Amino acid sequence: MSILPMHSNGVPAPNPNPGDVYLVFDSETETHQSHKRKANPFHPLNYVVMRGWKKQGDTRASMEYFKGKTKDNYLRIPDDVTVLVGHNIKFDLLYEMCNDNPDLKAFYKRGGRVWCTQYGYYLVNAQSQRSQMAAMDNIIEEYGGRKKIDGIKALWEAGYLTSQIDPALLEDYLIGTEDEGRNSGDIGNTELIYLGQIKEAEDLNMTAAIKARMDGLCATTEMEFNGVKIDTARAKADLILRTAEFNEAEAGLQEYIKHIPDEVGFSWGSNVHISCLLYGGTIRYQKQTTYLDEATGQLARLKATARWPLFGGEPVDVSKCVPETLDGVETGYLYCPGPESRKQDTYLSGKKKGDGKFKNVDVPGELKVKYQDFFYELPGYTKPDSDWKGKLTDGMGKPVYGTGSDIIAILANRDVPFLKLMGKWQALSKEIGTYYVRYDTKKKMYVGMLTCVQKEDHIVHHSLNHTSTVTTRLSANNPNMQNIPTGQKSDVKAVFISRFENGVMGELDYSQLEVVVQGLLSGDVNLIRDLNLKIDFHCKRVSLKNSVSYEFALFHCKNEDAPDYAKWNAERRNCKSFSFERAYGAGANSISEKNGIPLDDVKEMIEAEEKEYPGVVKFNADVEKEVNATSEPFRDADRGWRVYRRGTWQSPTGTLYSWRSWDAPAFMRSKGITDTFSPPELKNYPVQGTGGEIVQMILGFLWRWFVKNDNFNGRALLVNTVHDCVWADMQPDIVDTVIPGMKKIMQAVPQLLKHLFNIDCPVPFPVDAEVGPNMLSLKHYSH
Numbered sequence: 001m002s003i004l005p006m007h008s009n010g011v012p013a014p015n016p017n018p019g020d021v022y023l024v025f026d027s028e029t030e031t032h033q034s035h036k037r038k039a040n041p042f043h044p045l046n047y048v049v050m051r052g053w054k055k056q057g058d059t060r061a062s063m064e065y066f067k068g069k070t071k072d073n074y075l076r077i078p079d080d081v082t083v084l085v086g087h088n089i090k091f092d093l094l095y096e097m098c099n100d101n102p103d104l105k106a107f108y109k110r111g112g113r114v115w116c117t118q119y120g121y122y123l124v125n126a127q128s129q130r131s132q133m134a135a136m137d138n139i140i141e142e143y144g145g146r147k148k149i150d151g152i153k154a155l156w157e158a159g160y161l162t163s164q165i166d167p168a169l170l171e172d173y174l175i176g177t178e179d180e181g182r183n184s185g186d187i188g189n190t191e192l193i194y195l196g197q198i199k200e201a202e203d204l205n206m207t208a209a210i211k212a213r214m215d216g217l218c219a220t221t222e223m224e225f226n227g228v229k230i231d232t233a234r235a236k237a238d239l240i241l242r243t244a245e246f247n248e249a250e251a252g253l254q255e256y257i258k259h260i261p262d263e264v265g266f267s268w269g270s271n272v273h274i275s276c277l278l279y280g281g282t283i284r285y286q287k288q289t290t291y292l293d294e295a296t297g298q299l300a301r302l303k304a305t306a307r308w309p310l311f312g313g314e315p316v317d318v319s320k321c322v323p324e325t326l327d328g329v330e331t332g333y334l335y336c337p338g339p340e341s342r343k344q345d346t347y348l349s350g351k352k353k354g355d356g357k358f359k360n361v362d363v364p365g366e367l368k369v370k371y372q373d374f375f376y377e378l379p380g381y382t383k384p385d386s387d388w389k390g391k392l393t394d395g396m397g398k399p400v401y402g403t404g405s406d407i408i409a410i411l412a413n414r415d416v417p418f419l420k421l422m423g424k425w426q427a428l429s430k431e432i433g434t435y436y437v438r439y440d441t442k443k444k445m446y447v448g449m450l451t452c453v454q455k456e457d458h459i460v461h462h463s464l465n466h467t468s469t470v471t472t473r474l475s476a477n478n479p480n481m482q483n484i485p486t487g488q489k490s491d492v493k494a495v496f497i498s499r500f501e502n503g504v505m506g507e508l509d510y511s512q513l514e515v516v517v518q519g520l521l522s523g524d525v526n527l528i529r530d531l532n533l534k535i536d537f538h539c540k541r542v543s544l545k546n547s548v549s550y551e552f553a554l555f556h557c558k559n560e561d562a563p564d565y566a567k568w569n570a571e572r573r574n575c576k577s578f579s580f581e582r583a584y585g586a587g588a589n590s591i592s593e594k595n596g597i598p599l600d601d602v603k604e605m606i607e608a609e610e611k612e613y614p615g616v617v618k619f620n621a622d623v624e625k626e627v628n629a630t631s632e633p634f635r636d637a638d639r640g641w642r643v644y645r646r647g648t649w650q651s652p653t654g655t656l657y658s659w660r661s662w663d664a665p666a667f668m669r670s671k672g673i674t675d676t677f678s679p680p681e682l683k684n685y686p687v688q689g690t691g692g693e694i695v696q697m698i699l700g701f702l703w704r705w706f707v708k709n710d711n712f713n714g715r716a717l718l719v720n721t722v723h724d725c726v727w728a729d730m731q732p733d734i735v736d737t738v739i740p741g742m743k744k745i746m747q748a749v750p751q752l753l754k755h756l757f758n759i760d761c762p763v764p765f766p767v768d769a770e771v772g773p774n775m776l777s778l779k780h781y782s783h
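Just so we're aligned: the sequence shown equals residues 1 to 783 in our numbering.
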């Protein structure tokens, strides 16, 4: 941890970036929650209650308190400020944008930048688990600061709104106490972290990459602010259809578990239950039943008393008595028949004279019951792969194995009768719960995209997260806009529409980005040649696998009139699946199982590809060598504090990636090797991470272009990004300006890499553009 030198008076040393002037700011806001967002900036009752800031050179932080939502409630940004600094700055920027901050717009227009210390921490720490979504309190001591007082957080947790908290307490929390010279709290701590990260970034040669990514963060903030329009009428109609399909699939699945007793409570939503059904295992369940009393050794019973009649002063079980009769008429007394027949004792005097005597006697009560564990064993249909073993265990403590969609796709080629139906059920369950709405019994709340849609304008303000993956790629939630089913699997994309009258949705997508990135990173001569020749890599793999020319494969795979078209087109589909899996580091066994391609064929394809592109093989080997060379031991608390290793590799742009080792497979343990790095992860992180980094940098350039043009006078908006593509929402008359301009910027990756990192990029980055009335009905754009 590099801490910047401090002046003797405690004021940080001058900014190490000459020419930059920074302004640290943070906002304490009203905390109404809605549409799955805490302290939702789009909620009409939320506003900035107290804003703190400190400009470079100030010895004290400043603050302003607001008693309501007013037009002048925005951050003032002096003209000489070039960098805005904050922790999780997207939250604060959204509040400024929701209040239409004119200073922020002017700041961006003159080239102002942001620095998010949460994002910076994640990057300089190589995306390790502890650096993801890091709260300020969890990292501030590394930078020489102090944790904030806990009182404010406790008040929030107790349900207080920020406006209900004593402003004096809030001020201490935000900018530090008077004893600290008002130079601590959120503002002082953020400044310390920023200055420390600037030094760290320089030491790691990451400054240019981080700055470019911060512009990408501004782009996704703009996308969240703009949101995406939802066709709620279409969504509600589709939900009815999807729900009917889901219920039909669920009913069909019940046929395969009808032998399981109802009391077991089998659930298709339980990974443990499905694992036991698929691979064999024991389901543990509970039901109420009787049990032994440890003190008596008898079945446990409740305490009880009974009113027994007295005969000769002794109580007799009433069940052994009969009513006394005289001339066939009951006298009201009891009679104890037997060899010594006796009449019930009676009172001889007093108010009860003549009444029968009784006594309360302790008797065995009802049997006690309690919930106890029971076990139901299932034989299973197939054996799981050892790589699928998870952390959970079944009822007997044996491992539970994965049952996710990727694994189900692999199992589809095995003889498991209900897999296709279960895959459909899982897909529908996920689709309904993510992009429509359903009630989650575990969370006891409604979930799904429709719960996030604003009623007044039908806009969903999704969340795009920069600090929650190991590769630096984005993630998304509320809803997950990074994993929308394709048109081949679902119609859900039809609900994403333009907000403009007769508006147009546009999607620009990098073509074969993973392969292009492989060419960039590996420098493989043949791969670079093929990329520049715009080779169809799926047909190229067909040619390599079948020892035919590329021209032959291209003609027979894509020309429906060609002889044996069906055969060669099927070959191309197999190779397409192979290409995707290989780009993400999958091994031969995994590719074979998941895609139903014979293992020998997969091995032949890998051998042919490695022979054709030896530079890729060398690059992968170099990464593995570097990760092993830089690895250092650590103890894993989740695995019995056993020792593992963590190693790193730095990309040409400066981005740092880290890997952790895992338990070595059995054949390596027999040789004394206890841990090893995952081959798929070693191959995947550089390709997926660099692809994600390039997209995020390009997002920044696109955002700058839109800022320069004032979103084309509000007629075009950036609204989403999905891994390798970008969405725009446009009025129809601006499409022919926006789409060609976006495509030109996105294809300018080689110039960007040269400009930012002095990297000579030998491969093109082709982009496909499509437009349409919604995201399902897109057609190729040509201008």
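To be clear, the hints were calculated from the coordinates, so they are not data collected in a lab.
None of the values given here were measured: they were computed from a predicted structure.
Even for Gly, the Cβ is constructed at its ideal location relative to N, Cα and C.
Any given hint could be a false lead.
[As the list claims (entries may be wrong)] What follows is a set of in silico ranges between Cβ atoms, one per label pair, in the way DEER data are often shown:
no., residue 1, residue 2, range
1, 589, 551, 31 to 39 Å
2, 299, 156, 46 to 54 Å
3, 480, 439, 12 to 20 Å
4, 756, 439, 30 to 38 Å
5, 637, 487, 23 to 31 Å
6, 375, 603, 36 to 44 Å
7, 751, 100, 57 to 65 Å
8, 269, 487, 42 to 50 Å
9, 560, 640, 54 to 62 Å
10, 486, 167, 46 to 54 Å
11, 299, 343, 32 to 40 Å
List of violated hint numbers, smallest to largest:
4, 5, 7 and 8
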